[in-house]
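Q: First to last, the sequence lines map onto chains S and V. If you count the first sequence from 1, you need to add 26 to reach my numbering. If you count the second sequence from 1, you need to add 196 to reach my numbering.
Derived by calculation from the structure, the hints in this document are not laboratory data. A virtual CB, placed ideally from N, CA and C, is assigned to each residue, including glycine. Warning: the hint list may mix true and false statements.
Said to hold, decoys possible - Derived coverage of chain S by chain V (criterion: at least 3 residues anywhere in the stretch with Cβ under 8 angstroms from a Cβ of chain V; other residues may be distant):
(1) 64–76
(2) 128–134
Claimed, not checked - Not the full set, but computed from the structure, chain V residues with beta-carbon under 10 angstroms of chain S:
(3) Met252
(4) Ser624
(5) Ser627
(6) Gln630
(7) Phe632
(8) Tyr633
(9) Asn635
(10) Ile639
(11) Ser640
(12) Thr641
(13) Asp643
(14) Ala644
(15) Ile648
(16) Val649
(17) Cys653
(18) Lys654
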Amino acid sequence: MIKIRNLHANVEGKEILRGINLDVNAGEVHAIMGPNGSGKSTLANVLAGHEAYEVTEGEVIFEGKNLLDLAPEDRAREGLFLAFQYPIEIPGISNTSFLQTALNEIRKYKGLPEYSAKEFLDLIKAKAVVLNMNPSLLSRPVNQGFSGGEKKRNEILQMLILNPKLAVLDETDSGLDIDALKIVSKGVNVFRSNKNAVILVTHYQRLLDYIVPDFVHVLYRGKIVKSGTKDLALELEEKGYEWLTKAELPVENV
Amino acid sequence: MNEEQKSDDMKVVEDLTNSEYKWGFVSDIEEEEFPIGLNEDVIRKISAKKKEPEWMTEWRLKAYKHWLTLTEPKWPKVKYPEVNFQDIRYFAAPKKKPEYESLDEVDPELVATFEKLGIPIEEQKTLAGVAVDAVFDSVSVATTFRETLSEKGIIFCPISEAIQNHPDLVKKYLGSIVPYTDNFYASLNAAVFSDGSFAYIPKGVRCPMELSTYFRINAMNSGQFERTLIIADEGSYVSYLEGCTAPMRDENQLHAAVVELIALDNAGIKYSTVQNWYPGNKEGKGGIYNFVTKRGLCKTNAKISWTQVETGSAVTWKYPSCILQGDNSVGEFYSVAVTNNYQQADTGTKMIHLGKNTRSTIISKGISAGRSDNSYRGLVKVGKNADNARNFSQCDSMLMGNKCGAHTFPYIEVNNNTAIVEHEATTSKISDDQIFYLNQRGISTEDAVNMIVNGFCKEVFKKLPMEFAVEAQKLLAISLEGSVG
Ligand SMILES: Nc1ncnc2c1ncn2[C@@H]1O[C@H](COP(=O)(O)OP(=O)(O)OP(=O)(O)O)[C@@H](O)[C@H]1O
Ligand SMILES: [Mg+2]
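Throw the hints in and build the complete structure from the sequences for me.
A: What follows is the structure, given as structure tokens:
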């Protein structure tokens, strides 16, 4: 699915990612954990092609293509989806028409017929039911005035509709109440198949009880410093990050 | 209040808005040349060319003499090189005489031009209920649907024809709302106006179709001075569409139109404009100067609604206004003004409440990109007899990039303490994060900007007749389109 090799990236001249290596295969769920500011969202943004992040070294192969050569919209059309840690509000555009446009752009790219308004409405309603989403959120402007939890749920709705190959979920669990966490997890589990993959960024091992990962990685100061199975998350919960990070300290600009 | 807002660095949006004018083309229709410059002789000559009656010539001359006493207004927030009014050709007409039996006789060049604009005349005929009175340069060359209209007693013709055939109506109303003394450009227009449209809707008649006119400026250096007069008699209703795109030109071109609307008791006029004149190139060279006086008068229970989408011109100076003279009359102004590159727009409205229970609504959306300057200037005036007058104004600005400006100049004068006047203003900008969010969902940057801009303008587009709304969206997309990719 995706191969990340020695990925280095800068923000405003400062190196944030310092040699990431990660392989994700179809059918897998990888959790990425790590302290605040370690570069988790940066990794997600770099994969999605945010222009504030400058890749200085390394490569990313996504489904056989050089991901870093593609424009952000083409990465999305190729099947990369990012659920944002902080979803953006877009006034004036209804959630439904935005998503219909997005889906049809992706379908056009793949040479598939576009959805009519009616077909799309049926689709979005069905997916909203899976997520137990208030229908009024579908007609409101994208994320505008949505509560924190509603925004997160809306990200998962988009994932279900766009049906990507690789979904990168950046702290989608943060800010969700317990019921919402279960519903959103259900959404992700419905999505999972042996044809797609998920990268799950989270701070809480609790999420991993609902969405069971195949691998857990710890990102620290721009590098993956430890990888393991779900047990690693439990260990982190118990011990924190300090035991992992001691060996890594001698870095400039600490 | 003078809000001056500059935005943060937004590179994506900036690149995107570095676009060139798409519809620049010049058609090769022969033009009959007219001497350059302005004096009494020229005015007499214009009047003679149009075979005008003596009273019309006299009116023009009075206007001209008054104009000589005036100076150009300097208060708008626009800068442009001084216009030499002796360097302008005040009349231009296609050589081939415009008396066609059918469209087959129309110059094929012209038809091709209209096709480029996406409005083939042949199709206009069959298009859903739109009568087209096409003004090409200064003389009308094609009029359709006039018979259907005349069955209902509706008069819809070039104003030059109305002067010949309906002198009583013209004498009574021409200059009654915008007198030739009104302002510098209105005076000039009264002296030299070339042509324009005239519509009269008789008592109790609801005009069965949208009346529409396309204007174009084509003759090199020929200033355009359109004059439009629309009279909705008691209890009648008409929706009028004015739209135009102009060919690319390197010379600055002056345009000073006057539009007068009269809505008698219980009548309604909806006047929609989509304007896309050449705005000048990326360096700000060329482009049309558009100084327009538009005003409507509402009698008792009457309603006038102005809707405009302004994407063109180098300099725009334009304030469609309503005089709410009759009790319970209603004035509306819905506006989208887009400026890009070096364009400057100073536009807005005046709502003059004179009658009791008069109501007005102002919705203004300004979009500035590039190094442009976009000002809203509006006056809400409530006279001392206007008991219970109400106004609501909403002025929103959207900035793209950090080199453009948006300004709001609301003037409020209330002389009656039962009046309620509300004013709201917001400024927003398209952020790179919004664009990136949409990109991440598979939407290209251009489409993303268009979606956001269209969302911003939705309230105004909703007020446009369907086919015009589609055109307006296209124009917006074109004027903000750029070289991303
Ligand atoms: N656009 C940006 N401009 C400036 N600095 C940035 C930008 N994006 C990220 N950074 C910096 O890069 C570092 C990594 O940030 P990132 O958001 O990737 O962390 P994170 O691991 O996602 O943290 P959290 O768990 O708090 O979400 C931080 O020091 C952050 O301040
Ligand atoms: Mg983060």
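Q: All hints are to be evaluated individually against the structure, with a verdict given for each.
A: Do the hints match the structure? See the list:
1. With a cut-off of 8 angstroms between beta carbons, the stretch 64–76 of chain S has 3 residues touching chain V; three or more are needed, and the interface restraint holds.
2. With 4 residues having a Cβ less than 8 angstroms from any Cβ of chain V, the stretch 128–134 of chain S passes the three-residue criterion, so the hint holds.
3. Interface restraint check for Met252/V: the shortest CB-CB distance to chain S comes to about 48 angstroms, outside 10 angstroms, so the restraint is violated.
4. At a threshold of 10 angstroms, the smallest CB-CB gap from Ser624/V to chain S is about 7 angstroms, leaving the interface hint in force.
5. The beta carbon of Ser627/V comes within 8 angstroms of a beta carbon in chain S, closer than 10 angstroms, and the hint placing it at the interface holds.
6. Taking 10 angstroms as the C-beta contact cut-off toward chain S, the hint placing Gln630/V at the interface holds, the least distance being around 5 angstroms.
7. Below 10 angstroms, beta-carbon pairs count as interface contacts, and Phe632/V has one with chain S at about 6 angstroms; its hint therefore holds.
8. Taking 10 angstroms as the C-beta cut-off, the interface hint given for Tyr633/V holds, the closest approach to chain S being about 4 angstroms.
9. Interface restraint check for Asn635/V: the shortest CB-CB distance to chain S comes to about 4 angstroms, inside 10 angstroms, so the restraint holds.
10. Given the 10 angstroms rule on beta carbons, the hint for Ile639/V holds: about 6 angstroms separates it from the nearest Cβ of chain S.
11. Restraint check, Ser640/V versus chain S: the minimum CB separation of about 5 angstroms is within 10 angstroms; hint holds.
12. At a threshold of 10 angstroms, the smallest CB-CB gap from Thr641/V to chain S is about 8 angstroms, leaving the interface hint in force.
13. Because the beta carbon of Asp643/V sits about 7 angstroms from the nearest beta carbon in chain S, less than 10 angstroms, this interface hint is met.
14. Proximity of Ala644/V to chain S holds as hinted, the smallest CB-CB distance being about 8 angstroms (cut-off 10 angstroms).
15. The criterion of a C-beta within 10 angstroms of any C-beta in chain S is met by Ile648/V, whose closest approach is roughly 6 angstroms, and the hint holds.
16. Of the supplied interface hints, the one on Val649/V holds, with its beta-carbon coming within about 9 angstroms of a beta-carbon of chain S, less than 10 angstroms.
17. Annotation: Cys653/V was flagged as interfacial toward chain S, and the flag holds, the nearest CB pair being 8 angstroms apart, inside 10 angstroms.
18. Because the beta carbon of Lys654/V sits about 6 angstroms from the nearest beta carbon in chain S, less than 10 angstroms, this interface hint is met.
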